[in-house]
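Peer 1: Residue-level listing of the chains:
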Amino acid sequence: NAGVTQTPKFQVLKTGQSMTLQCAQDMNHNSMYWYRQDPGMGLRLIYYSASEGTTDKGEVPNGYNVSRLNKREFSLRLESAAPSQTSVYFCASSANEPTAKNIQYFGAGTRLSVL
Amino acid sequence: KQEVTQIPAALSVPEGENLVLNCSFTDSAIYNLQWFRQDPGKGLTSLLLIQSSQREQTSGRLNASLDKSSGRSTLYIAASQPGDSATYLCAVRPPGAGSYQLTFGKGTKLSVIP
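Chains as they are written, first to last, in this note's numbering: chain A, 1 to 115; chain Y, 1001 to 1114.
Just so you know, these hints were derived from the structure itself, not from any lab. Just to be clear, a hint being listed does not mean it is correct.
[As the list claims (entries may be wrong)] In silico DSS-like links for lysine-lysine, alpha-carbon gap of 30 Å or less:
#1 Y:1001 with A:57
#2 A:9 with Y:1109
#3 A:71 with Y:1042
#4 A:57 with Y:1068
#5 A:9 with Y:1042
#6 Y:1106 with A:14
#7 Y:1109 with A:71
#8 Y:1042 with A:57
#9 Y:1001 with Y:1106
[What the hints assert, rightly or not] What follows is a set of in silico ranges between Cβ atoms, one per label pair, in the way DEER data are often shown:
#10 Y:1003 with A:57: 43 to 51 Å
#11 Y:1051 with A:22: 31 to 39 Å
#12 A:27 with Y:1020: 31 to 39 Å
Quantities reported herein were computed from a predicted structural model and do not represent experimental measurements. Heads up, the beta-carbon is just placed ideally off N, CA and C, and yes, glycines get one too.
Take the sequences, apply the hints, and build the full model.
Peer 2: The structure is reproduced here in structure tokens:
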């Protein structure tokens, strides 16, 4: 019963490097989300995908790109990492059907440090 | 813009005590409100979800209430245990079809002392 799986769990980058954070869910959910969590700031939405084939910006999209590869997978890409992107990144998914009440299920997170 | 506030930021109680965590939001036009638990180094786990038309939800020792008109929710934990130690976050969802984005509070870190 995997739920939402994120890879990698930890990553250290140098400023200017690029990387892709991977997320996959096995609950057949329509919607997927990427959040970042910073001390004193709470969780902030970066991008979301309401359904396969669509993506939309959240509160803090600058410096990120996303791809909804298929219904299961939603990736987050940092093209040129900056120290300000040091954070814990969470992926989440939800069913978004009338009876599902939009409960979001979260992955364990990716801890990213940009030096 | 919706803002969600949780007070206090941290709370320490002795085991067995009943406690209340508070959540307030600035825009009463919400679809639902969720309470989550986050353990150190882990992701979030949904505890309770209250629809905007509901007043409360219960799960075991947890009871969440919602007063939408005043922009407040509380999470009541009965007979607290050391295993309840975690950070508790509330989040609100705006109304409208396709509005799935949650706005989170910064959380209350709870420590239950044996």
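Peer 1: Determine for every hint whether it applies to the structure shown.
Peer 2: Now for the hints, and whether the structure bears them out:
Using a Cα cut-off of 30 Å, the hinted pair residue 1001 (chain Y) and residue 57 (chain A) holds, with the two alpha carbons roughly 16 Å apart. For a cut-off of 30 Å, the pair hint linking residue 9 (chain A) to residue 1109 (chain Y) stands: about 23 Å separates their Cα positions. Between the alpha carbons of residue 71 (chain A) and residue 1042 (chain Y) the distance comes to roughly 24 Å, so the proposed pair stays at or under 30 Å and holds. Note on residue 57 (chain A) and residue 1068 (chain Y): the hinted pairing holds, with a Cα-Cα distance of about 27 Å set against a maximum of 30 Å.
As the CA atoms of residue 9 (chain A) and residue 1042 (chain Y) are separated by approximately 11 Å, the hinted pair is consistent with the 30 Å bound. In summary, the hint linking residue 1106 (chain Y) to residue 14 (chain A) is supported, as the alpha carbons are separated by about 29 Å, within the 30 Å threshold. At most 30 Å may separate the alpha-carbon atoms for a hinted pair to count; residue 1109 (chain Y) and residue 71 (chain A) exceed this at roughly 35 Å. Of the supplied pair hints, the one linking residue 1042 (chain Y) and residue 57 (chain A) holds, its CA atoms being roughly 25 Å apart against a limit of 30 Å.
Restraint check: the Cα-Cα separation between residue 1001 (chain Y) and residue 1106 (chain Y) comes to about 16 Å, which is no more than 30 Å; the hinted pair holds. Under the hint 43 to 51 Å, the C-beta atoms of residue 1003 (chain Y) and residue 57 (chain A), about 19 Å apart, miss the expected range. For the pair residue 1051 (chain Y) and residue 22 (chain A), the supplied restraint of 31 to 39 Å holds, since their beta-carbon distance comes to about 33 Å. Roughly 32 Å separates the CB atoms of residue 27 (chain A) and residue 1020 (chain Y), a value that falls within the hinted 31 to 39 Å.
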